[in-house]
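Given chain S's structure and the hints, the job is docking chain X onto it.
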Amino acid sequence: MNAPHKPADAESLRHVRQSLPHDSATKHVQGAAQYIDDIREPEGTLHVVLGQSPKARGRIVSLDLSAVKAAPGVVAVLTAKDIPGKNDIAPSLADDPLFAEGEVSFLGQALFAVVATERDLARRAVKLARIEIAAERPSITVEDALERNETVLPDYAFGRGDAKAAITQAPHRLDGEFRIGGQEHFYLEGQIAMAIPGEDGDIFVYSSTQHPTEVQHVVSRVLGIPDAYVTCETRRMGGGFGGKESQATQWAVTAALAARVTGKPCKIRLDRDDDFVLTGKRHDFRCDWSVGFDDEGRIQGYAVDHLARCGYSADLSGGVVDRTMFHSDNAYWLAAVHVGSRRLKTNTVSNTAFRGFGGPQGMLAIEQVMDRIAWEIGRDPLDVRYANFYAPDSNLTPFGMEVEETDTLIDLVRTLEQTSDYRARRKAIAEFNASSPILKRGIALTPVKFGISFTLTQLNQAGALVHVYQDGSVHLNHGGTEMGQGLYIKVAQVVAEEFGIGMERVRITATSTAKVPNTSPTAASSGSDLNGMAARIAAAAIKARMTAYAAAAYGVPEDQVSFRDDRVFIDNESLTFTELAKKCIAARVSLSEAGHYKTPKIHWDREKAQGRPFFYFAYGAACAEVIVDTLTGENRVTRVDILHDVGKSLNPAIDIGQIEGGFVQGMGWLTTEELVFDKEGRLLTHAPSTYKIPVASDVPEDFRVALFPSANREDTIYRSKAVGEPPVMLANSVFCALTDAVHSLDPAKPVPLNAPATPEAILRACEAVRGRPMT
Amino acid sequence: MRREVIRFLRRGRPVELKGFDPRTTLLDYLRLEERSTGTKEGCAEGDCGACTVALGRVREGKLVYEPVNACILLLGQVDGAEVVTVEDLASEEGLHPVQAAMVKNHGSQCGFCTPGIVMSLFTLYQHAPRPVSRETVNDTLVGNLCRCTGYRPILDAALEACADAPADSFTAMLSERAAQLAAITDGRDVFVGDATSFFAAPASEDALAKLYANHPDATLVAGSTDVGLWITKAMMDLKKIIWLGRVAGLDRIEYGNDTLSIGATVTHAKALPALSGIDPDLGELMRRFGSAQVRASGTVGGNIANGSPIGDLAPALIALGATLELRNGATTRNLPLENFFIAYRRQDRAEGEFVRGVSVPKLKANEAFRAYKVSKRLDEDIAAVMGAFRFTLEGRTIADARIAFGGMAGTPKRAALTEKAMFGASLDDASSWEAGFAAMAQDYQPMDDHRASAAYRSTVARNLLLKALSEIANGASAATRLVGQREPLQAAE
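If you read the protein sequences in the order shown, they are chains S and X.
Here the first sequence is numbered in the numbering used here, starting from 1288 and rising by one per residue.
Here the second sequence is numbered in the numbering used here, starting from 2 and rising by one per residue.
One chain only, chain X, in its complex shape:
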């Protein structure tokens, strides 16, 4: 029996909704229907964070509050969650510790970004292990733009509010809320609407496969960090939406001996520690992926499936030799990730077919990996050039190379000629790298766009190869990187 309403928790009470337009965003619901106007629209594309709210979900038996951009999150996606907005934090005892610290530290000026900042800090307050570092605060806040304060007082407020263990009205209610969430959670397929217009959230892969086969014109949504913009910006009148967030098993991470398998709906936040285990550069890449809000919603599968020419993650996974698994009806198939990307925004995905997950080979002892994201702004930006390298070494000689770039072509693409040219090069002889640099110019003819010029991209691609080789040759990165150093930092100079 499918369920024909969505259910979520709001201010301690279950809410059931049906009959909503499938493309309704959570923000529009809050502001226009519920009339909770504390949550703001700043950009309607998930980049400024003014609309940040917290979603409480039970993850591995524990209620956790995650920050999301309500402007691009579909209303249906809150099924099974507790929705917490800025109006909900203060209690009879007064302001929430995060709010009080913001006032005390003069953390608001115009105040328009403040609700979003407060909500991001609320999630930090709930879950960040103490002591909270400035880096952690930054990672929490890069998805919240503030144009007035210069952030310093906000960072101070965050550190002050999170100095002690969480002890607010929410921590006191954790188990009660978790129980309430359990009470509205079931294993049923959700289908709100009719055959011409619906928001569906199948609970199993089989149900998904069947539903998608019946409605191949439906839009698959995982985190909605991209599809949300089709609605708010491209004004696409999406009628049929299938949300993958309830499909059992698709959010699984499997740790094999030689490979790491990541289900399609594993969020970036959840993938981060797993990918870090393969190589610190992958972890760093994930740390810089979007923002905390985007990492909490966006998924590894979605990032691959929507075929961005840059797609930050894809080049790294290609360099590692990842395999993509797809399913259509009852049939599944695997293909090397690089083969999935056919041309600009065109992928090898048949009608009715969906991404199940990606398998990433772990590094062998004689393999060295490096990945670099070069963007106009260091954090919360899309790469101008994204380069990833895996070298197989025989002693100090390169026996094999897998090199992939984003931002250098219409798709994430391997540098076939460069890979060949690197064969036999020596880590100890920089002159043996020259053939690789020359080949790089043959591999890629990038474009000019608003992120970077073709000339910049070509120069950076070459320089990243140089950087990777230098780092591997020297076994150090402190002298070659501004952020994401692989070795523990020495005491400040």
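Chain S extracted, bound-state conformation:
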């Protein structure tokens, strides 16, 4: 007699919680995983290259494309006039034209597209355009935009109490202006799309996108055809990181338009330099802050205004800057607080989603404030952090959401404090610094609390499509996209678990708008939370029908039917999963299901600035140690200890990969990755030769990463927690450790360090602390 279906716990799980490799790992290592540029092109495929504005701001006086049209290999030249539908590719507001008309808004903005028989010919032809722009002085910096008072979206603020008064009345007060740089995604696979025209105006688009549904919708909008005529498929991306959430659309739409006009398959693949110039980055910020606190460092009032450089259009800046605001508290109780924001318009490429989606900036700002407070009162920065953590009696965020698991973070930080040997090392570092005039060490332990859910509530839904075939193999499809994060394997684990079958039976298939419609972007760390649930719901529904059939056929109650080890156990008998599938089909039982999931509990009233925008919070903490050469600003991260909360992991190896990768990406953002625009709005750091992401030797040699064992208190997929974005902010510890090292030069002085902490920024801070400012 078999036990009824057991509740899911670690002991009875066959696939979930296993460290299975990435679904494509063996293909990756053999070069056999196909990216869009690897798909064999249909005969006659044409290649598209964009013509770019040479000026950042001004009026288009003339656009003479005669030489372009006459160039070898050119089949068509597309401008706004060739658009049958709307000249609008914006994700939210209608402020992103496919091709600029009348005005140009940033240097590089698309004016036209060349379609040619070869990519090389298209690249050469595009240079032959004669473009005349009546140029104006562009707004490049935050200050430029403030001076012109130009924004892409209205200002927004929320808070609690009278922060200004609280700051004024507090025993101590500090103010500052903190600058945080942007970041280029540098997905290794650049932006790419291929569009193939079909019957009756159908368009099939291969797009390297995190958001196939938006690609579908915008292609139909620009081509003026119904959504149902457009299919977008995405098997995998060579990295996304938010850079292909809204900003993969333009390339797909351009290819689709070219396919529509020429009647031929058309492909567009951006050169890396063009990719840098033409796609948005992480928003850079100026954060104007003031804080009032008591002798223990407890914050009485905090006021911060986030001045975000959004670029020329809104894109996703609304959500990004809102998330900055939602994370202005990081993990700290702010009795009286004001969080303001301005979404500034500059004549630069439109900044966009980037892993963390604005959260990292809000958190870094307050982490920097924590250090300033600590220096002011002479306490260990970690103790100041402890003094300010959310607690059961002070657990309300500035936006009115309760932090329900305050213990998790405190336990986690206390544990990391022990395991990283923080106190002893701080002491050793002080001793080292006392006898080392040039090289200085620093250490910092910083927390992460990151809200999980799209703050636009509507997006918190997902669909999945599961078929069971007569041979017992399973077709799995869902709305989430695979960009390397391991979503496909995690969801496959969930489905295999549900059916009690081996992983080899589950065929993972490319994300397609034709299979699962109306999906949300794979973003906001939500991939496995949403799609894992939707797929489980679909699989469970099929299993329920199979169970009902089996119970009826064998005359047993349904709770006597269980699925495991590729078999179905029915009372005292068993048959293979395949045999039951065959019997179900013969008995006319449907073995296909579309599952749908929506996140419970969440709601957000933006006008009142109240609600519960997040289903739950993910937590983590990192302790970083660095060494700085105070003659040059060069530095090394020598040791990092991370403890991170992924709930009960669906796949520990994949999760650790996200944690390590996110941390190193965040470290790059805060150290060597520097975006430099000149006064004309030209991006000077436009390729890996000039823009420096971390390399192998930048990774701390002593890198200790552990998962914090705790189940998600919310009913998520197998009680796991989202992991995509939160680890980025673990790297705040590196920034704080670098300031700590500089601070050792003169503990009486604050360290005026902005992000990114490049060697130059660090040396500048050193020289300022030494009282001989570098000019």
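Quick caveat, the hints were computed from the structure, so don't treat them as lab data.
All C-beta atoms, glycine included, are put in the ideal place defined by N, C-alpha and C.
Be careful, since some hints might not be right.
[Unchecked claim] Straight-line distance between alpha carbons at most 25 Å, and here's what the computed PhoX-like set of lysine-lysine pairs gives:
{"no.": "1", "chain 1": "S", "residue 1": "Lys1966", "chain 2": "X", "residue 2": "Lys234"}
{"no.": "2", "chain 1": "S", "residue 1": "Lys1551", "chain 2": "S", "residue 2": "Lys1373"}
{"no.": "3", "chain 1": "X", "residue 1": "Lys105", "chain 2": "S", "residue 2": "Lys1414"}
{"no.": "4", "chain 1": "S", "residue 1": "Lys1314", "chain 2": "X", "residue 2": "Lys105"}
[As the list claims (entries may be wrong)] For each label pair, taking beta carbons as the anchor points, the in silico distance ranges come out as:
{"no.": "5", "chain 1": "S", "residue 1": "Pro2060", "chain 2": "X", "residue 2": "Gly411", "range": "25 to 35 Å"}
{"no.": "6", "chain 1": "X", "residue 1": "Met236", "chain 2": "S", "residue 2": "Leu1433", "range": "32 to 42 Å"}
{"no.": "7", "chain 1": "S", "residue 1": "Asp1670", "chain 2": "X", "residue 2": "Arg346", "range": "48 to 58 Å"}
{"no.": "8", "chain 1": "S", "residue 1": "Asp1852", "chain 2": "X", "residue 2": "Gly95", "range": "18 to 28 Å"}
{"no.": "9", "chain 1": "X", "residue 1": "Gly411", "chain 2": "S", "residue 2": "Pro2039", "range": "27 to 37 Å"}
{"no.": "10", "chain 1": "S", "residue 1": "Pro2039", "chain 2": "X", "residue 2": "Glu255", "range": "50 to 60 Å"}
{"no.": "11", "chain 1": "S", "residue 1": "Pro2034", "chain 2": "X", "residue 2": "Leu483", "range": "21 to 31 Å"}
{"no.": "12", "chain 1": "X", "residue 1": "Gln443", "chain 2": "S", "residue 2": "Pro2060", "range": "18 to 28 Å"}
{"no.": "13", "chain 1": "S", "residue 1": "Lys1356", "chain 2": "X", "residue 2": "Arg346", "range": "29 to 39 Å"}
{"no.": "14", "chain 1": "S", "residue 1": "Asp2033", "chain 2": "X", "residue 2": "Gly411", "range": "29 to 39 Å"}
{"no.": "15", "chain 1": "X", "residue 1": "Met236", "chain 2": "S", "residue 2": "Thr1702", "range": "31 to 41 Å"}
Then chain X, alone, in the frame of chain S:
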């Protein structure tokens, strides 16, 4: 009789090609012609390593596999080599040990950089002396950008795969492949194309001199680590390309009593141990030069001849008093290296003239040398400031100084006033260094650019002089450097 095809080895078979555009890159050949799409284009400028493939060549009688960036390597440059790509590693027995270790250690996420990483690790697997250290793995991998993993699992995979001596399907075939390569190798001049558009690879210096004299508008290519970008990024329609890689003798290193002579086509990888012999700082500089891929292709002569204002290596060689040798037709001449650099991207090289090599004086017993590369990112970056110092000491007094910087002017440039000001300074009296610091501000008026501001450059230049003097005075560098310490490291603190 010149040969009018290029010949290389691919998957065990000789391949002959002609009629290709001289500016075709190896990557375009692989992806567009051969349809081997495992090798990826990430940046098309030799910086990300996604296009890394291995070239097998017989070096000093032994077949070695070297990593190269296929995106900027010209197709013609594979003449005489075996081309190995990521599709070729797995055998009937299954994944290559490097591939298996990558899977086991979760070394891929999005997978786009993975083929390049696998190929870099393949070259490490073949040749790195065991045990392989983490530093060696890093030096192999800094030219492979990964944006997903944070590298840790890749480093673990590398160490695991290279734990034992190489024993893969390639090691089993080494002598057979070497014989196949010998069979396609000859001493003939290679010329593919016609008088208006060609890829040429002369086999002798005389043939080179003659060909270049006839086609002074041709582009000389050694490693193509810079010229490759003229093609992929500047879209220059180079019609005539003369590759120096087959010129006999130009790749020679001569160890004289007082000087080290490095031929123009000696790669950075090959120059590294030779230059290390002059001073450990030179070795460290070469270790940090570009990436393993760039060091395997790029040459000392090319780095000098293309006249980068920074050129990492040039300031160090100038400080050492190096001499450049050039040849034009039958005429050769020598000049001090610093005189070769006239102005920004303008060199003292006449029409038809080419670099033969550089002679570097060795250090005398009373000479102390220091070189520092300061860059935004420690590895695989171009210096913001590159400083090199050679002090001649009489006891503890500086009797002569040669100081050169890169990144401080339009060319690599000596610090003439600082050199003078250091005369007579004492290693034991830091106040006697002040005149040098003051003179430094007179010697250089650097620029602001995306690598660094003028203020940073000036401050660092001064601080590097201080660092050099402190290190020489104290005979130690552990307390003044983050990497490249000159003395063996003490046990970890």
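Going down the list of hints, with the structure as the test:
1. Lys1966(S) with Lys234(X): holds, 23 Å
2. Lys1551(S) with Lys1373(S): holds, 22 Å
3. Lys105(X) with Lys1414(S): violated, 47 Å
4. Lys1314(S) with Lys105(X): It holds: about 13 Å lies between the C-alpha atoms, which stays within 25 Å.
5. Pro2060(S) with Gly411(X): 25 to 35 Å: holds, 27 Å
6. Met236(X) with Leu1433(S): 32 to 42 Å: holds, 39 Å
7. Asp1670(S) with Arg346(X): 48 to 58 Å: Once the Cβ atoms are compared, 55 Å apart, the range 48 to 58 Å for Arg346(X) and Asp1670(S) holds.
8. Asp1852(S) with Gly95(X): 18 to 28 Å: holds, 27 Å
9. Gly411(X) with Pro2039(S): 27 to 37 Å: Between Gly411(X) and Pro2039(S), where Cβ atoms are some 32 Å apart, the hint holds.
10. Pro2039(S) with Glu255(X): 50 to 60 Å: holds, 53 Å
11. Pro2034(S) with Leu483(X): 21 to 31 Å: holds, 23 Å
12. Gln443(X) with Pro2060(S): 18 to 28 Å: holds, 21 Å
13. Lys1356(S) with Arg346(X): 29 to 39 Å: holds, 35 Å
14. Asp2033(S) with Gly411(X): 29 to 39 Å: Since the Cβ atoms of Asp2033(S) and Gly411(X) sit about 37 Å apart, the hinted range of 29 to 39 Å holds.
15. Met236(X) with Thr1702(S): 31 to 41 Å: For Thr1702(S) against Met236(X), whose Cβ atoms are near 56 Å apart, the range 31 to 41 Å is violated.
The structure does not agree with the numbered hints 3 and 15 stated previously, though it agrees with the rest.
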